[in-house]
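So the sequence lines, in the order shown, correspond to chains A and B. Numbered according to numbering that gives the first Met the number 0, the first sequence spans residues 0 to 312. Numbered according to numbering that gives the first Met the number 0, the second sequence spans residues 0 to 235.
Errors might be hidden in some of the hints.
List of simulated lysine to any residue pairs, SDA-like, C-alpha gap at most 25 angstroms [said to hold, decoys possible]:
| id | chain 1 | residue 1 | chain 2 | residue 2 |
| --- | --- | --- | --- | --- |
| 1 | A | Lys137 | B | Lys73 |
| 2 | B | Lys228 | B | His172 |
| 3 | B | Lys75 | A | Ala167 |
| 4 | B | Lys228 | A | Arg60 |
| 5 | B | Lys75 | A | Glu33 |
| 6 | B | Lys73 | B | Arg121 |
| 7 | B | Lys75 | A | Asp12 |
| 8 | A | Lys71 | B | Glu89 |
| 9 | A | Lys71 | B | Thr86 |
| 10 | A | Lys71 | B | Leu152 |
| 11 | A | Lys98 | B | Lys73 |
Pairwise CB distance ranges (calculated) [claimed, not checked]:
| id | chain 1 | residue 1 | chain 2 | residue 2 | range |
| --- | --- | --- | --- | --- | --- |
| 12 | A | Leu116 | B | Ala167 | 17 to 27 angstroms |
| 13 | B | Phe47 | A | Ala77 | 46 to 56 angstroms |
| 14 | A | Thr29 | B | Pro233 | 46 to 56 angstroms |
| 15 | A | Arg214 | B | Met211 | 45 to 55 angstroms |
| 16 | B | Asp229 | A | Arg264 | 32 to 42 angstroms |
| 17 | B | Met211 | A | Arg108 | 26 to 36 angstroms |
No lab work stands behind these hints: they were computed from the structure. These figures come from a predicted structure and were not determined experimentally. Glycine included, every Cβ here is placed at the ideal spot set by N, Cα and C.
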Amino acid sequence: MPGVLDFDNVSKDYGSRWSRRRVRALDGFTLSLERGEIFGFLGRNGAGKTTAIHLALGFMRPTSGAGRLLGKPFGDAATRARIGFLAENVALYHRPAAKLLRYYGGLSRMRPQRLELRSREVLRQVELETEANRNAAKFSRGMQQRIGLAQALINDPELLILDEPTSALDPLARVAMRELLLEANRTGKTIFLSSHQLSEIEMICHRVAILDKGRLVKLGRTDELLISRDRYEVVARGVPANSFEQSALQVRSFPLADNLGPDGRVQFIVPASAQRDALERIWSSGGEVLSVNPVRRTLEEVFVELTNKGSAA
Amino acid sequence: MRPVLLMAANFLREHRWPALLLCVWIVLLALAAAALGRRYAVPEDVIFYVAQQAIFICVFSAFLAADAIHNDRKSKRILLVLSKAITRSEYLLAPLVGTSAAAIVYSLIFDVCCLWLTDRARMPSAGILPLVLLVMAGSILAATVALFFSTFLNPYFAIAATVLLFTAPGSLHLQHHAWSAWLPGFPILIRMIDFKLGPDATIPWKAMLIAMAHVVIFWGMAAAVFNRKDIAVPVE
């Protein structure tokens with residue numbers, strides 16, 4: 000079954016075919032977005048995230064490969080009436096915010112009566128209803144970003160494609176934006192979110208893709224991605240904290256040992272290869288193993304690991 | 000059609016100051032030709048004013064249209080517009096509709112100024128209407144050709160290319176060839192330069208129809224080129 004947004008082995012080169020300065024921005028990129036999910040799209044600057052978004056919206060054509068947006072080939076104008084897009088560093092015309100929203104709604108072929116209602120509704124959602132008659136181009140960066148989101152929501156889209164939506168927002172506005180996206184998702188909208196705000200992606204995205212140098216280096220469910228299979232957290236009781244001091248192993252395995260709790264609990268982080276050895280030591284020293292769980296990493300750790308690996312290669 | 004009209008209105012709104020300036024310029028120059036400290040306008044001044052303004056309106060229309068895509072791409076406003084349910088052809092039609100609307104307004108102001116001037120100079124006004132219609136057709140064609148060139152050239156080069164296309168046949172003395180009537184813009188330009196007031200002036204239907212055919216052809220070519228353009232790539 001086709002996804003909401005499908006890339007099928009898409010590559011994109013910038014520069015003319017004969018130019019020496021030809022750059023490959025996207026390389027054999029394949030991805031499928033499922034309906035109703037919030038999808039996080041990560042990568043360093045220049046990794047190809049915006050290129051992928053622009054290809055999906057038909058702003059440019061792939062050098063090779065193909066893709067589908069809501070079941071139609073990239074670039075189909077009628078399909079775009081069912082999506083909302085917020086560009087990175089949104090640029091707005093010099094018009095009052097409410098009129099600007101009605102303008103963009105009109106371009107999405109909405110009826111004037113519905114547009115009137117909807118523009119008031121989205122202005123309220125982005126908390127700019129009191130600024131409706133002010134020139135949107137003279138708004139602060141954060142307010143412009145919110146108007147940008149409002150124009151993306153104006154046509155009540157099935158799919159929201161957001162390129163760095165929180166880049167110019169202060170922490171409170173960021174929280175509000177997050178709530179807005181979660182609410183949009185609850186009402187059935189699929190969200191494709193490209194961002195550098197890793198903590199945010201970690202908090203709201205169901206799935207994450209990491210792009211490096213135009214290639215997809217990781218794709219998976221956020222919770223699975225964050226679980227490390229090479230490090231385990233061991234919680235034990237009744238073990239003297241210095242019981243591993245004589246072990247050559249502990250130098251590597253237990254530098255993170257901490258949290259000697261009031262009930263004698265000790266928490267260790269051990270590599271997967273040393274897990275068995277650590278457990279045997281706990282038992283042999285008369286201790287009790289309370290739990291062994293894979294370590295949950297932050298998305299930042301995963302991101303740095305994957306993109307650094309790419310750089311080293 | 001509604002999205003095209005919305006974009007055309009927005010285009011005119013964005014360019015309202017230079018567009019208004021040309022309206023003022025047409026009137027100011029008419030006043031200058033009429034007055035200049037004399038009691039009556041001099042026929043030579045009137046003829047000069049009419050021919051010069053006619054060409055000027057066409058050139059200005061080309062300027063207005065040539066800038067449209069470049070401006071939107073440079074500011075990246077084009078991204079939000081083309082993320083809506085708009086085809087590239089519709090997007091290109093908007094500046095054309097906007098420029099045509101402006102050209103019609105210019106032509107009407109020009110018409111009124113010409114009638115007033117000829118009246119003051121006690122000259123026949125019979126040739127004014129055919130000229131005004133030619134100005135309308137010429138402006139729309141100049142805008143379309145400039146728009147076509149601007150799909151792959153910087154706006155200044157697009158203007159230069161448009162002027163070259165319209166004037167090069169004159170440099171090559173092609174006006175004496177029968178087929179020169181089919182060249183884009185050139186027959187209109189010749190008629191503007193050779194403009195004469197008099198009762199024998201007729202409405203140049205053939206030249207206008209050919210100009211409108213060229214408008215369709217150049218708009219089609221512009222759409223074909225623009226459809227293949229990577230519009231998200233930054234422009235200088």
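Checked hints:
{"no.": "1", "hint": "A:Lys137 / B:Lys73", "result": "holds (18 angstroms)"}
{"no.": "2", "hint": "B:Lys228 / B:His172", "result": "violated (36 angstroms)"}
{"no.": "3", "hint": "B:Lys75 / A:Ala167", "result": "holds (17 angstroms)"}
{"no.": "4", "hint": "B:Lys228 / A:Arg60", "result": "holds (8 angstroms)"}
{"no.": "5", "hint": "B:Lys75 / A:Glu33", "result": "violated (29 angstroms)"}
{"no.": "6", "hint": "B:Lys73 / B:Arg121", "result": "violated (50 angstroms)"}
{"no.": "7", "hint": "B:Lys75 / A:Asp12", "result": "holds (21 angstroms)"}
{"no.": "8", "hint": "A:Lys71 / B:Glu89", "result": "holds (20 angstroms)"}
{"no.": "9", "hint": "A:Lys71 / B:Thr86", "result": "holds (15 angstroms)"}
{"no.": "10", "hint": "A:Lys71 / B:Leu152", "result": "violated (32 angstroms)"}
{"no.": "11", "hint": "A:Lys98 / B:Lys73", "result": "holds (23 angstroms)"}
{"no.": "12", "hint": "A:Leu116 / B:Ala167: 17 to 27 angstroms", "result": "violated (55 angstroms)"}
{"no.": "13", "hint": "B:Phe47 / A:Ala77: 46 to 56 angstroms", "result": "holds (52 angstroms)"}
{"no.": "14", "hint": "A:Thr29 / B:Pro233: 46 to 56 angstroms", "result": "violated (27 angstroms)"}
{"no.": "15", "hint": "A:Arg214 / B:Met211: 45 to 55 angstroms", "result": "holds (51 angstroms)"}
{"no.": "16", "hint": "B:Asp229 / A:Arg264: 32 to 42 angstroms", "result": "violated (59 angstroms)"}
{"no.": "17", "hint": "B:Met211 / A:Arg108: 26 to 36 angstroms", "result": "holds (28 angstroms)"}
When each numbered hint is compared with the structure, violations occur for hints 2, 5, 6, 10, 12, 14 and 16.
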